[in-house]
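Q: Sequence:
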Amino acid sequence: MLNYISLFLYINVYKIFYTYSLYINLVEIMPIDINLEKWLSQLPKEVFTPRNVEEFRKYMDEGSNIIKQFAPKIEMKEIRNEFINGRESKIPVRIYIPKIVETQGILIYLHGGGFVWGSSDSYDHVLRYLANECKCKVASIDYRLAPEHKFPAAVIDSFDSVKYFYEKEKSVAIAGDSAGGNLSAVSSILARDEGIKLKASVLIYPTVGYDATSKSMREYSNIFLTREAMNFFGLMYLKSPTDIYDIRFSPILAESHKNLPPTLIITAEYDPLRDQGETYASILNRSGVETIQIRFGGVTHGFINLLGIVPSAEVTLQTISSFIRSKLNK
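Once you know that position 284 of the sequence shown is 309 in this note's numbering, the rest is easy, because the numbers rise by one and skip nothing.
Think of the hints as simulated: they come from the structure by calculation, not from any bench.
For clarity, every value in this text was computed on a predicted model and none was experimentally measured.
Among the hints, erroneous ones may be present.
[To be verified] The list that follows gives simulated cross-link-like pairs (lysine-lysine, DSS-like), each with its CA atoms no further than 27 angstroms apart:
{"hint": "1", "residue 1": "K102", "residue 2": "K160"}
{"hint": "2", "residue 1": "K83", "residue 2": "K115"}
{"hint": "3", "residue 1": "K188", "residue 2": "K102"}
{"hint": "4", "residue 1": "K115", "residue 2": "K193"}
{"hint": "5", "residue 1": "K188", "residue 2": "K70"}
{"hint": "6", "residue 1": "K264", "residue 2": "K188"}
{"hint": "7", "residue 1": "K70", "residue 2": "K93"}
{"hint": "8", "residue 1": "K188", "residue 2": "K115"}
{"hint": "9", "residue 1": "K83", "residue 2": "K283"}
{"hint": "10", "residue 1": "K102", "residue 2": "K355"}
{"hint": "11", "residue 1": "K124", "residue 2": "K93"}
{"hint": "12", "residue 1": "K160", "residue 2": "K355"}
{"hint": "13", "residue 1": "K222", "residue 2": "K193"}
{"hint": "14", "residue 1": "K195", "residue 2": "K355"}
{"hint": "15", "residue 1": "K193", "residue 2": "K355"}
{"hint": "16", "residue 1": "K98", "residue 2": "K188"}
{"hint": "17", "residue 1": "K124", "residue 2": "K98"}
{"hint": "18", "residue 1": "K102", "residue 2": "K124"}
{"hint": "19", "residue 1": "K264", "residue 2": "K175"}
All chains, full assembly: derive it from the sequences and hints.
A: Take a look at the structure:
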């Protein structure tokens, strides 16, 4: 565990206490990273207050293509595009195989994007980096998106992918950011309930349930991930308002969180989802789950996509990779 602490010595640390879990948070508010602030200032208003899903996807794709130009150029030994026969659809999967494979098993990655946007293409720079640093195969799942495919289509595709790779590899970890963090948390619970023993779960600024009143939601829902955007995503994704009580959308409401895989939860200081992610870490800890929770200062929701622009993105991905390597090789 000390290697995680030493990695973050230069971050302003608020408290580190280790019982069964490790928490690293900040002592004081840090200003938003200057490069991140510049990037946010250049985004069109449609990203902050989406009204039309096609328009939102267009602007997000354009931004993603620009971001990837700044990311490290990492060559893979092989990249394969495949399909999994799911219960309801053929699920596109992209397999990244790095030049050096030293870690057994596979990391399943579920991208973010509010359940309405995102793909292996838009996350290609992040996926290459993870495969290279984890030194293992990475499977990126292109689950079905809303509003064309409403809840729980994304959950079904995600968990079908977990079952498929567990049968093939046995040593399986799962990770995801934002909406993908939600799907990773849900898939971890569904896997436990079916006797599938995942090696690890990584939740990057996840949404784990409905939250309208937390401190971070009140104070930071006007920076990048706005309240308007979250409401839009909910309307696009959910079939009914009562879906927020379904544990396949709100894993925080699960009857039990015991016997879940070792979990790393990443939160961002200026993220409205910060408090629910940290609350979920506390729930896992109280349930006896090996839990590490790290809050990165000076960054907003979505910062890992800014690999090559915001330094914390690379530090975060290195931390995730170290965690995944240690768990897959057990």
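Q: For each hint, tell me whether it holds in the structure or not.
A: Okay, the hints, checked on the actual structure:
{"no.": "1", "hint": "K102 with K160", "result": "11 angstroms, holds"}
{"no.": "2", "hint": "K83 with K115", "result": "24 angstroms, holds"}
{"no.": "3", "hint": "K188 with K102", "result": "25 angstroms, holds"}
{"no.": "4", "hint": "K115 with K193", "result": "17 angstroms, holds"}
{"no.": "5", "hint": "K188 with K70", "result": "40 angstroms, violated"}
{"no.": "6", "hint": "K264 with K188", "result": "25 angstroms, holds"}
{"no.": "7", "hint": "K70 with K93", "result": "21 angstroms, holds"}
{"no.": "8", "hint": "K188 with K115", "result": "14 angstroms, holds"}
{"no.": "9", "hint": "K83 with K283", "result": "41 angstroms, violated"}
{"no.": "10", "hint": "K102 with K355", "result": "24 angstroms, holds"}
{"no.": "11", "hint": "K124 with K93", "result": "21 angstroms, holds"}
{"no.": "12", "hint": "K160 with K355", "result": "15 angstroms, holds"}
{"no.": "13", "hint": "K222 with K193", "result": "13 angstroms, holds"}
{"no.": "14", "hint": "K195 with K355", "result": "12 angstroms, holds"}
{"no.": "15", "hint": "K193 with K355", "result": "18 angstroms, holds"}
{"no.": "16", "hint": "K98 with K188", "result": "32 angstroms, violated"}
{"no.": "17", "hint": "K124 with K98", "result": "13 angstroms, holds"}
{"no.": "18", "hint": "K102 with K124", "result": "4 angstroms, holds"}
{"no.": "19", "hint": "K264 with K175", "result": "6 angstroms, holds"}
Hints 5, 9 and 16 from the earlier list are contradicted by this structure; the remaining hints agree with it.
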